[in-house]
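Trainee: Top to bottom, those sequences are chains A and B. With the first letter of the first sequence counted as 1, position 15 gets the number 15 in this note's numbering; the numbers rise by one all the way through. With the first letter of the second sequence counted as 1, position 1 gets the number 191 in this note's numbering; the numbers rise by one all the way through.
Think of the hints as simulated: they come from the structure by calculation, not from any bench. Quantities reported herein were computed from a predicted structural model and do not represent experimental measurements. All C-beta atoms in this analysis are idealised placements derived from N, C-alpha and C, irrespective of residue type, glycine included. Heads up, some of the hints might be wrong.
To be verified - Residues of chain B clear of chain A, computed beta-carbon distances all greater than 12 Å:
#  : residue
1  : Met191
2  : Lys192
3  : Val194
4  : Asp197
5  : Ala198
6  : Lys199
7  : Met200
8  : Ile213
9  : Ser218
10 : Phe222
Claimed, not checked - Sample of chain B residues lacking proximity to chain A, with all beta carbon distances greater than 12 Å (derived):
#  : residue
11 : Leu195
12 : Arg196
13 : Phe202
14 : Ser220
Said to hold, decoys possible - Some chain B residues close to chain A (C-beta under 10 Å, calculated; not the full set):
#  : residue
15 : Leu214
16 : Ala226
17 : Gly227
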Amino acid sequence: MILLLAVAIGLAAGLVRAWIGKRSYQAPELNSVWLVVLAVLPQLLAFHIASTIKLIPDAVASIILICSQIMLMVFVLANQDQSGFELLGLGLGLNFLVIVINGGWMPISPETVQKILPNATHNAWTVGERLGSTKDIILPIVEIKLEWLSDRFLLPAFFPWRVAYSIGDIFIAFGAFWMLWVQGKPLNRD
Amino acid sequence: MKQVLRDAKMIFSQINRRHMQIILLILSLSLFVLGAGAPGAGSGIGGW
Chain A
1 MILLLAVAIG LAAGLVRAWI GKRSYQAPEL NSVWLVVLAV LPQLLAFHIA STIKLIPDAV
61 ASIILICSQI MLMVFVLANQ DQSGFELLGL GLGLNFLVIV INGGWMPISP ETVQKILPNA
121 THNAWTVGER LGSTKDIILP IVEIKLEWLS DRFLLPAFFP WRVAYSIGDI FIAFGAFWML
181 WVQGKPLNRD
Chain B
191 MKQVLRDAKM IFSQINRRHM QIILLILSLS LFVLGAGAPG AGSGIGGW
């Protein structure tokens with residue numbers, strides 16, 4: 001949800017930029033868009049749609065996550081000449097690295113979970129297990145490999161959502177914003 | 191009825207290739223960030 005905000009803000013900024021420059025907003029032709037659909041559809045079933053989440057065992061969900069991110073990397077390579085894709089690829093790569101090295105899940109520390117779920121009941125989450133239906137696994141900080149790449153950053157208090165995010169997520173957000181912002185740039189008059 | 195059809199035809203004729211590309215870009219990017227990102231959501235556990 002929070003990363004979709006970057007898409008919305010980037011689009012709004014790009015449209016305003018194009019409007020100020022008195023030109024129409026342009027969009028590049030992306031290659032292999034079908035790969036994104038193919039990659040993300042299983043993730044939607046495993047992580048986002050309540051009725052299907054419970055049908056998919058955690059072990060399968062983890063495999064889905066890794067396979068899906070590999071497909072997304074191929075999509076990035078197919079579009080590497082587009083603005084913003086270097087940031088999207090870097091963010092995806094960092095998330096992929098920390099996920100793979102920590103057993104197929106994005107690690108999050110109990111301390112961070114306590115901050116995003118301050119009112120959770122005692123048995124709402126358990127160290128060593130998946131955090132609800134998210135892509136996260138709760139691990140003690142000392143057991144997290146590449147802890148600096150894990151979900152360790154929190155949104156400022158004025159945001160309505162309590163979300164922990166990684167450095168990879170930051171790059172992905174900036175990449176999405178940049179891609180949509182660039183499409184509103186003034187025409188080259190050379 | 192004819193007027194409605196005429197209006198609908200006019201609206202669809204204004205949706206050109208550029209609009210389709212913009213829609214495709216937004217959909218692709220939205221799906222990409224959902225798939226590539228891994229934020230841990232607090233509200234309700236299991237948010238996006």
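Trainee: Each hint: holds or not?
Mentor: Comparing the hints with the structure gives:
Distance check on Met191 of chain B: its Cβ is at least 33 Å (rounded) from any Cβ of chain A, clearing the 12 Å threshold; non-interface status holds. The claim that Lys192 of chain B is not at the interface with chain A holds, since no C-beta of that chain comes within 12 Å of its own (minimum 32 Å). With 12 Å as the threshold on Cβ separation, the claim that Val194 of chain B sits away from chain A holds: the shortest Cβ distance comes to roughly 28 Å. Listed as a non-interface residue, Asp197 of chain B keeps its Cβ farther than 12 Å from every Cβ of chain A; the least gap is roughly 23 Å.
Against chain A, the non-interface label of Ala198 of chain B holds: every CB pair exceeds 12 Å, the least being about 23 Å. Here Lys199 of chain B stays apart from chain A, with its beta-carbon at least about 22 Å from theirs, past the 12 Å limit. No Cβ of chain A comes within 12 Å of the Cβ of Met200 of chain B; the nearest lies about 19 Å off, and the non-interface call holds. Separation of Ile213 of chain B from chain A is inadequate, the least Cβ-Cβ distance of about 8 Å not exceeding the 12 Å criterion.
For Ser218 of chain B, the shortest C-beta to C-beta distance to chain A comes to about 5 Å, within the 12 Å cut-off, and the non-interface label is violated. The claim that Phe222 of chain B is not at the interface with chain A is violated, since a C-beta of that chain comes within 12 Å of its own (minimum 6 Å). A cut-off of 12 Å between C-beta atoms confirms that Leu195 of chain B is not in contact with chain A; the least separation is 28 Å. With a cut of 12 Å on Cβ distances, Arg196 of chain B stays outside the contact zone with chain A, its closest approach being about 26 Å.
At roughly 19 Å from the closest C-beta of chain A, the C-beta of Phe202 of chain B stays outside 12 Å, upholding its exclusion from the interface. Against the 12 Å criterion, Ser220 of chain B falls within the reach of chain A, whose nearest CB is about 5 Å from its own CB. Interface restraint check for Leu214 of chain B: the shortest CB-CB distance to chain A comes to about 6 Å, inside 10 Å, so the restraint holds. Of the supplied interface hints, the one on Ala226 of chain B holds, with its beta-carbon coming within about 4 Å of a beta-carbon of chain A, less than 10 Å.
Annotation: Gly227 of chain B was flagged as interfacial toward chain A, and the flag holds, the nearest CB pair being 4 Å apart, inside 10 Å.
Checked against the numbered hints above, the structure breaks hints 8, 9, 10, 14 and satisfies the rest.
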